[in-house]
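For our numbering, add 359 to where a residue sits in the sequence shown, where the first one is 1.
Simulated from the structure, these hints should not be mistaken for lab results.
Backbone N, C-alpha and C define an ideal beta-carbon position, used for all residues, glycine too.
Among the clues, some could well be false.
[Unchecked claim] Just the calculated beta-carbon pair ranges, DEER-fashion: (1) Gly-409 x Asp-646: 33 to 43 Å; (2) Asp-489 x Ser-589: 39 to 49 Å; (3) Thr-423 x Tyr-542: 25 to 35 Å; (4) Gln-434 x Ser-483: 16 to 26 Å; (5) Thr-423 x Gly-564: 35 to 45 Å; (6) Ala-540 x Gly-409: 33 to 43 Å; (7) Ala-540 x Arg-515: 20 to 30 Å; (8) Arg-380 x Arg-626: 39 to 49 Å.
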Amino acid sequence: MDAELIVRCPAKLNLFLEVVRRRPDGYHDLDTVMQAIDLYDDLHIEPRPGPALTLECSDPSLPTDGRNLVIRAAQALRERAGCRGGAHLRLVKRIPSEAGLGGGSSDAAGAIAGLARAWRLGLSSAELADVAAAVGSDVAFFLTGGAAHCTGRGERVEPLAVRAGFHAVLLCPPVGVSTAAAYRELRFPLTAIEINSTMMRRALGEGSLDALGRCLFNRLEPPAFRLEPSLAEVKAQLAASPLLAGALMTGSGSAIFGLCRPDDATRARESAATLRAGPVCVVRSIDHGVRITRG
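Can you make the complete structure from the sequences, with help from the hints?
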């Protein structure tokens, strides 16, 4: 077994998110374009010879048992590989929870990639993706990261070519939105829209920030805003900034981002901070998913 590994687990933004239909199994089919960003959790992995899997977390509000996706991912990987390896996992959280940034899914992907390396399982990328899909809807995306078009529950991942990266101002309000609650609040039939994921994919390929801004869409905004009306006002105020090419809530919320040019990033962050709606930072798009380093 390897010595301690550290896996960097990035957050993501949904640049486009459409709900296609409600499935008989209770999940929803999605049509979404996701982009990994340079906001990271760190997962420290110490492989151990026995079968015990233990987790400690820097955020005391998060569970460290089988309710945590990291433990569920480790168990699923072990079952798939037929191994009995153990590990002590230490999760350092920086990605806010219940913000639509995918922190839990990214951490799960980090556990899959990191433990596969630590236990020397020799599984293929496709096999790891199968494990990820079984653990959670967005988990497979974080194995590859970058920009991707994701369908099904989000587990079918098609990497996208991006001509130019972008910066974004990320605002994290102090309220959370439950993913399950946001989906329950959806009102069918859904109204038609004039933009689609193909247009967003084209905008990414062109590298035009203005085109990206015109294609931003999230079907979960209306239900999330009904659950937390303050978020609608935050988004409207952020979108009004002349320094931003567009604003959108990511995932089921509550984080809201605005696209900006690198030269405008500092002023855009300072402007967003005046809203006093929560912590603000500048993030950049990245071309990778979870990454493994040595301890």
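- Measuring from beta carbon to beta carbon, are Ala-540 and Gly-409 in 33 to 43 Å? 39 Å, holds
- Honestly, do Gly-409 and Asp-646 meet the 33 to 43 Å range at C-beta? 38 Å, holds
- Would you say the C-beta atoms of Asp-489 and Ser-589 sit inside 39 to 49 Å of each other? Hint holds: Cβ distance 40 Å, inside 39 to 49 Å.
- Query: Lying within 39 to 49 Å: is that true of the beta-carbon distance Arg-380 to Arg-626?
  - Reply: 42 Å, holds
- Quick one: are Thr-423 and Gly-564 within 35 to 45 Å, going by C-beta? Between Thr-423 and Gly-564, where Cβ atoms are some 42 Å apart, the hint holds.
- Item | Cβ separation of Gln-434 and Ser-483, checked against the hinted range 16 to 26 Å | 20 Å, holds
- Holds or violated: 20 to 30 Å for the Cβ distance of Ala-540 and Arg-515? Holds, since Ala-540 and Arg-515 (Cβ atoms, about 25 Å apart) stay within the stated range.
- Query: Is the gap between the beta carbons of Thr-423 and Tyr-542 within 25 to 35 Å?
  - Reply: Given range 25 to 35 Å: holds, Cβ gap about 26 Å.
Comparing the model with each earlier hint shows no violations; every hint is respected.
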